[in-house]
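To convert, note that position 131 of the sequence shown is 209 in my numbering; the numbers rise steadily by one, no gaps.
Just so you know, the hints here were simulated from the structure itself, not pulled from any lab data.
Using N, Cα and C, we set each Cβ at its ideal position, and we do this for glycine too.
Any given hint could be a false lead.
Said to hold, decoys possible - Simulated restraints on C-beta separations: (1) 238 with 217: 40 to 50 Å; (2) 219 with 163: 23 to 33 Å; (3) 162 with 225: 49 to 59 Å; (4) 136 with 161: 21 to 31 Å; (5) 130 with 80: 15 to 25 Å; (6) 219 with 119: 46 to 56 Å; (7) 203 with 161: 48 to 58 Å; (8) 201 with 111: 40 to 50 Å; (9) 183 with 163: 40 to 50 Å.
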Amino acid sequence: MFFILIGGLLVAVSAGAIASLPYRFAKKPVPRGLMPIVGGISLLVFVLWNDYSWYGRTVAELPERVAVVESFTYSGALQPWTLIKPRINRFTAVDRASIQRNEALPGYVMADIIFVQRYQPTLQARQIFDCSDTRRADLTDSTEFDERGMPQNVNWVDLEDDHPLIPIVCAEPAPIG
Numbered sequence: 079m080f081f082i083l084i085g086g087l088l089v090a091v092s093a094g095a096i097a098s099l100p101y102r103f104a105k106k107p108v109p110r111g112l113m114p115i116v117g118g119i120s121l122l123v124f125v126l127w128n129d130y131s132w133y134g135r136t137v138a139e140l141p142e143r144v145a146v147v148e149s150f151t152y153s154g155a156l157q158p159w160t161l162i163k164p165r166i167n168r169f170t171a172v173d174r175a176s177i178q179r180n181e182a183l184p185g186y187v188m189a190d191i192i193f194v195q196r197y198q199p200t201l202q203a204r205q206i207f208d209c210s211d212t213r214r215a216d217l218t219d220s221t222e223f224d225e226r227g228m229p230q231n232v233n234w235v236d237l238e239d240d241h242p243l244i245p246i247v248c249a250e251p252a253p254i255g
């Protein structure tokens, strides 16, 4: 956040200075309000660019093995332009390299789910998916497993049949183990 503030200030000061150059070369006085107006407009443009390009820039930096599952938009009165065009401020992804299957439990798949939100730490959760019943459960350090590898003390969450995680996690060929 600090670097965004510094970047915005540099853009505003630079734009104001560039806008004053023609007047300086012509040896005419720079209009009194020119630099603050140009600086303010350039700062607003920088903020808009930074907000709306965050998702694309972040996804472009992900390794190939990470697949984005779904994205979530934000709109709010404090940023009125988002009421017209909401911006993406968080997304969920799957690390395909983390997908694991257990031949003793066909239809069950474990995978690492990544939760990325703007201005928040990235979170990662290991989850188990029941592909036949379309449900999932979070796995924690306190999760207990039976002799076949089935988790015992988890809270299953039902998912819609068309939930975007299901085709990626359940159809993904992964090594058995």
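If you check the beta carbons of residue 201 and residue 111, does the distance land in 40 to 50 Å? 46 Å, holds
So does residue 136 sit 21 to 31 Å from residue 161, Cβ to Cβ? Distance hint for residue 136, residue 161 holds at roughly 23 Å.
Residue 130 versus residue 80 beta-carbon gap, inside 15 to 25 Å or not:
Hint holds: Cβ distance 21 Å, inside 15 to 25 Å.
(request) For the range 40 to 50 Å, tell me whether the beta carbons of residue 183 and residue 163 fit it or not. (result) Hint holds: Cβ distance 45 Å, inside 40 to 50 Å.
Exercise for review: Starting from the range 46 to 56 Å, see whether the pair residue 219 and residue 119 falls in it by beta-carbon distance.
Suggested key: 52 Å, holds
Checklist entry - Between residue 203 and residue 161, is the Cβ distance one that fits in 48 to 58 Å? => result At roughly 32 Å between Cβ atoms, residue 161 and residue 203 fall outside 48 to 58 Å, so the hint is violated.
(Q) Between the beta carbons of residue 238 and residue 217, is the distance compatible with 40 to 50 Å? (A) Violated, since residue 238 and residue 217 (Cβ atoms, about 21 Å apart) do not stay within the stated range.
Query - Distance restraint hint 49 to 59 Å, applied to the beta-carbon atoms of residue 162 and residue 225 - result: Given a distance of about 57 Å, which is inside 49 to 59 Å, the answer is holds.
Per the hint of 23 to 33 Å, is the separation of the Cβ atoms of residue 219 and residue 163 within bounds?
-> 42 Å, violated
In summary, the numbered hints that this structure violates are 1, 2, 7.
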